[in-house]
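Protein chains: 2
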Amino acid sequence: PDAEAAQAARARNGQLTKPPGALGRLEDLAIWYAGWRGTARPRIVAPQVIVFAGNHGVTARGVSAFPAEVTVQMVANFEAGGAAINQLAGEFGAKMDVIALDLDRPTADFTAGPAMSEAEVVAALAAGWAAVDPHADVLVTGEMGIGNTTSAAALAHALFGGAPEDWVGRGTGVDDAGLALKARVVAEGLAANPGAQGDALEALRCLGGRELAAMAGAIARARVARIPVILDGFICTAAAAVLAQTSAGGLDHAVAGHGSAEAGHGRLLEALGKAPLLALDMRLGEGSGAALALGVLKGAVACHSGMATFAEAGVSDG
Amino acid sequence: PDAEAAQAARARNGQLTKPPGALGRLEDLAIWYAGWRGTARPRIVAPQVIVFAGNHGVTARGVSAFPAEVTVQMVANFEAGGAAINQLAGEFGAKMDVIALDLDRPTADFTAGPAMSEAEVVAALAAGWAAVDPHADVLVTGEMGIGNTTSAAALAHALFGGAPEDWVGRGTGVDDAGLALKARVVAEGLAANPGAQGDALEALRCLGGRELAAMAGAIARARVARIPVILDGFICTAAAAVLAQTSAGGLDHAVAGHGSAEAGHGRLLEALGKAPLLALDMRLGEGSGAALALGVLKGAVACHSGMATFAEAGVSDG
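Residue numbers (my numbering), protein chains in the order written: chain A, 2 to 319; chain B, 2 to 319.
Hints are computed from structural coordinates only; laboratory data are not their basis. All values reported here derive from a predicted model rather than from experimental measurement. Heads up, the beta-carbon is just placed ideally off N, CA and C, and yes, glycines get one too. Fair warning: there could be bad hints in the mix.
Stated by the list, open to error - To spell it out: a stretch of chain A is covered by chain B in this simulated footprint if at least three of its residues, at any positions, have a beta carbon under 8 Å from a beta carbon of chain B; those stretches are: (1) 46 to 56; (2) 70 to 80; (3) 222 to 229; (4) 277 to 284.
Work out the full structure: start from the sequences and follow the hints.
Written out as structure tokens, the structure reads:
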């Protein structure tokens, strides 16, 4: 970030017509945003939402409440404007792109070996990188992929340790038996991919999916282009965590949009040191929680850049 | 609310292209909104924010970190578009009205007797009632009034008991001595107005202020016009609590927009049985927390009314 711009934004914040600190987290959020955008008085005019879709070989193990064909059906729904993320992107003025990644060629079942080859994971990272509009001023990455909470749980387990049970959740709605199966599948995935532990990019290749790799690629590109990122729920955060584990501060340009109801998300955010902006028991993915948090970020930046100072308004400053 | 519309909205919610419950609190929020608007598929197109301003005789006791003239200065700031609430109303497409209530004639110091006469409190309630646009489809009421956290604390104490210390907070920023003074002033206010306990409207007259009475009047009018209300922080909620204590279910048409950092707000929301949508450590008033929560409500309703059903989208429903 641009330390000078952040400092100028902090100084401006102290002169706005409100008691010091009265806008709470909105103030820190606006200053953080100003630092990454390199200007003390930024505006948000071009948010981008990208939804990446991928299919997962591990669905053969019966880890999801929905059949794998729902991935391609939901991509059609995104393209027709009928999903939750379409409504939220529209409400908050974001342009939305949908990138389907080789849906007819699922990743390999990671309980039998790596989910992706080197070439496959690089292609997915590159697809994410290329999908970012360099003129965007906020980025939300969302995902769709039946089976991907299992993939994200395995990835989180490889990155942060603990037990498989710490990271698996009910996803789209599995029962207790399904939850126990997911934990077993995650344990098998780590056993089948010994190289995944202690190497974040290798963990992404072995246990992730194309949409997870694409989100990581997009969030990395946003860093280079100084585009602040709002993280969505468990799957997006697991993908983003690869960047944090790869280089210190690698996610400093990202805030946690919301705390998902998916079981492992709280633990994941804690591991990353990020407090979510919203906590509304959402667990849909698609970027929906992050897109809703875009409203909060837009509100924060609008206050910061639009308010009068005490001097401008002729208000006594206490 | 319209039970049939709420039921139809609940049925629609069950058919939308998402796993059951995956939008969390957004789903309940949309169904609640649909019930009050009397249609299964509502739209939000005309939100109204009203900021009421009043002055308080109790400021003579030194309960605020800011001088009383800031009230009229901030009204000018609202009218010029320079305050936080202007930016938030603009961001979320709300029209904003500012109603200054006899600023040159503060209420009486409630530690010496009733803050308002019968005629004064009725005039303020009526001003609030009249300020609501009957064609609005959401209402946010905000306030400005140096000294009004002390007034709201006294009102909350009269309505819900406890100790003065349970309800006083730092407002715009008093120190420990100021906080102790506010508690003493609240205790004196209750002692000087024995009729205020056990009679919510009398408590509003004796301990409230014109802007608090106006918010109560506006929220009552919204009920009659079936306009759902988003409550702001401590002062707004204390004023609204008068309606809940006057008739059972009198605030069913209102949701808590945010949990304020002002000390007594959590206790007040608990007494009213309302869980806030946002918790961002805001404590500005003006309607700012509620206006930010308007983004959440708009997102919830946009999803509910804009999403495709499984049948429409041709998606397998698990």
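Problem set entry | Claimed coverage, the segment 46 to 56 of chain A by chain B - three or more beta carbons nearer than 8 Å | Since three or more residues must qualify, the claim that chain B covers the segment 46 to 56 of chain A is violated, with 0 doing so at under 8 Å.
Exercise. Do at least three Cβ atoms from the segment 222 to 229 of chain A come closer than 8 Å to Cβ atoms of chain B?
Worked result: violated (count 0)
For this session: State whether the coverage of the segment 70 to 80 of chain A by chain B holds or is violated, taking the criterion as 3 or more residues with Cβ-Cβ distances under 8 Å.
Result: With 6 residues in contact (Cβ-Cβ under 8 Å with chain B), the coverage given for the segment 70 to 80 of chain A holds.
For this session: Tell me if chain B covers the segment 277 to 284 of chain A under the three-residue, 8 Å CB rule, please?
Result: holds (count 7)
Hint compliance for this structure: hints 1, 3 are broken, all remaining hints hold.
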